[in-house]
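Protein sequences, first through last, are from chains A and B. Take the first sequence: its letter number 534 is residue 534 in the working numbering, and every next letter is one higher. Numbers given in the working numbering equal positions in the second sequence, counted from 1, plus 1000.
It should be emphasised that the hints constitute simulated quantities derived from the structure, not laboratory data. Just so you know, nobody snuck in bad clues.
Negatives, chain B to chain A, calculated, CB over 12 Å: (1) Asn1008; (2) Val1024; (3) Lys1078; (4) Phe1181; (5) Tyr1225; (6) Asp1295.
Just some of the chain A residues that point at chain B, by a computed CB distance under 10 Å: (7) Asp67; (8) Val75; (9) Ser513; (10) Val560; (11) Ser628.
Glycine included, every Cβ here is placed at the ideal spot set by N, Cα and C.
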Amino acid sequence: MKKNLSRIILTLVFIALSGYFLYPTLSDYMIGKDLKNLTGKDSLDYVTNNAEKIRNAIDKRIKLGLDLKGGMYVVMDVDVVKLLEDLANPRTKNDEVLVKTLSELNDQTQNSDESVLQLFIAKLKSQGKTLLNYYGDSRQDETTVEKELQDKIDKAIEGAVRTIRNRIDQYGVAEPQIQTVGGKRIIVELPGVSNTEEVRKLLKQTAILQFQLLADPEIGGKVIKDINRVLAAKQGNLDSTDFLDTNKNKIGDLKDSSNISSTKTDSRKSAGDKDKNKQSPKKDTTKVKKDTTKLKDTNSLKDTLSPEQDTSAEQSYEEFVKKNPFTALFDLGAIQQAGELIATPINKEKIDRLLKTPEVLAVIPGNIQFAWSQEQKAKEGTYYIMYILKKEAELTGKVIENARADIDPTSNRPRVTMSMNSEGANEWARITGANINKRCAIVLDGVVYSAPVINGKITGGNSEITGMPNIQEAKLMEIVLRAGSLPAPLKVIEERSIGPSLGEDSIRAGINSSIAALILVALFMIIYYRLGGSISVLALMINVFFVFGIMASFKATLTVPGIAGLILSIGMAVDTNVLIYERIREELVSGKPMKTAIEIGYKKAFSAIIDSHLTSVITGIILYQFGSGPIQGFALTLLFGIFSNLFTAIVITHFIFDIMLEKGMKLNFG
Amino acid sequence: MRLFENTNINFLGNRKKFYSVSIVIIIIGLATLFLKGIPLGIDFLGGTELQIKFNEDIDIAQMRSVMDKNGFSGMEIKTLGSMKEVLLRTPLQGEGTTIAEKITEAIKKDLSNNNFEVLRVDKVGPKIGAELRRNAIFAVIFSLLGILVYLSFRFQFVYALGAVIALLHDVLVTLAFIAIFNAIFPNLGLEFNQTMLAAFLTLIGFSVNDTVIIFDRIRENIKLYKNEKIEDVMNKSVNATLSRTVITSGTVFLTVLVLFFFGGEVLRSFSFTFGVGIITGTYSSVFVASSIVVDWKNHVIKKFSSEKVKTVRS
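Chain A on its own, in the form it takes in the complex (with noise of 0.2 Å):
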């Protein structure tokens, strides 16, 4: 009984374990069933009020691959072709022998996987030429120059991964799978994507990198209220008529505070301008600093933040978020700077919403642009942080040269170092001549990755950004500015997308015939094995049961493939209990007792299903190894399939007939 207790818990432990995990797989469905019968505004409303519901369970959902669900399925590789084109030195660029040679290198590598830099140098030298020749300045050597050449191709991947990333989030695309494959290949995987036009267009586009100064913080905060306003206005007073007057009000406010700033603009140009002439190529090295202490501002957003505190400062909490709704999405105890607002994932996405209506739309001024950061993690979970920048660009990234994050080994502290053009350098001077204490936007794509204050003005074009909490956000840092210098050039070489419609038809035939084909066996089972067979299709369920909950506690992906993984494990599931049963048919046969029967048959059935389970096994993680997608997949449910079996094929029916018998149940196996 003892033995059989500790087996009774652990199976209840792993029943209850599957169920944990697939709770949100039945929740998502359970919603996506709610969401059919609403309409219009409810729907909406139901999407608003479960919002961290939904997230959750699309979080933890198993998901479905491309196959059953329909999607894009896009692989691209680096065309390190182009890319040795684009890096070739201005004055070289058009040189017969080098624009020859790359065209022969692009039709060499199309099929082969050979080194493209080592190919092109192999190429050069039968020409009588070297890297020297186009790449590089006069005083390096070649092996310094290859390099650096080699260098770039390795991680312009990376920046590449870094903007396709940033796109797709912006896009929306739900459970997005991007991945970087043998360090120079990327596989993009879009479930439920249509429009598959738009996409390629998307991934296509080349990285944007901007330098963007924040918005002066009183037009900032003038911004936010004047979003309140609107916002409040449109909750508790959506029958009075005032509210349209006050809007008009608004929009005659914003056309000053617009015109201030760009007034304010035009200024600081012609101080630019000034500087420009006084410029020296000079390379000294002057620091940005990312500002990590608290600036003592008095004009700090925080303070303009909550318009009415100077008129009531005793309000309540209520009556705020009544008065500022706007504010009150945003974790206003969090603000670390001034002018950073920071939200939830699930605020982010109310306050997109909401930045996207028409009322809001209005009282935003055309030269000020909401953009976000990139998510941030704290103990407490994901955040993200919203600044306000003036739309117009400083500076693009097509002047950085290069990028590098290291250790400064003076204060042991992580930093960035970037240089620029000569072109860039005088432009850059300029602006951080005149801005001297503001803080500068670094922006790829739309999203923020890092707004220093500016410490001093910059010439020569070499600054160095500081006050990264670690070298791994120097790193994201060096690959933002890289992807922004140079954007990878990326060709497509494998492409599927699968109509939505396709997908659901397949998934439901094959799910209607997987479980007719289930059930079938299953009453195979029972007739042929009466008693046993029952109790062998119970341990069939829960093993199914088991791999699922296995599959969504790994967050795995079912597909076509892994499905028949699914169908062959389920065979070597009816395979073992069959193995048993025949087992203690035979030891019946020759007149032992059920008790001893059971034992015996499950002993001698025991290396063999072993053995045979182990081959599976050692199939299945070679077969995830060498295997590419489809394969992994297959693999994969195979291998969860066989371990969920071993337990309960040995385990879990063995316990049933052993309690059976202690109560003096009739037993029989046919």
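Following the hints, complete the assembly by docking chain B onto the known chain A.
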């Protein structure tokens, strides 16, 4: 209810017959394979493929003339299931899916009276095709090696060899069947793509499972019947496991049969391949794997160590 109770079939005594049956099938199959071939799916070949569903029945000849007119001559065009669904395939790749776009444009323009929906677009570049081929071959070879090593360790090298030869046999016979079926019923749309590859992997897994279970019984019986000839012990073992073999294979075959008829387009080539694989896998486990072990022991090992065997016998 009992199936195959106390059977006593002399499987191994007839192994020469079974060998010849297998060899004949493989030879016919391979001949068909080389003459007719199994069409490679674009997964392995590279190219562009579109699956389009029209609102009304479509005339293939008209479709072809539209494609020819727009510069896609020699395109493969066939219907899928009904006359409303069409599969278009060309070895052309182009950058991204430009080819697919041109094709849909052409249909929109020249078949404007028939509305359609693009169900699926696949474009595979030559590099990926080659890579998938290579990966698939590696995966299969390494898993066969893995099985060989594990079984040598758990049984004896001869048994491992028998099991792996039986697996190769299954792969070849299944390929043969697909080639033959493809030659007779080209409408089935059988082609070697990733799904079919998954089916091959499944059948390898299934067949080795079958073989291992028979070997396990042989391993057990050799200890029980030490004085009997290996052939007799094997016959006993195959007979003892026969009902299990038939029941398991039967139930799995049943499942696959349901999938083949009702599982829809996506699962068809899988279930066909696996279905054939179940039959040959069961056959090879019963008739081929053990026979090879016996023949290997009788001929090869004896040849090399005939002196030793004689001294032991005497």
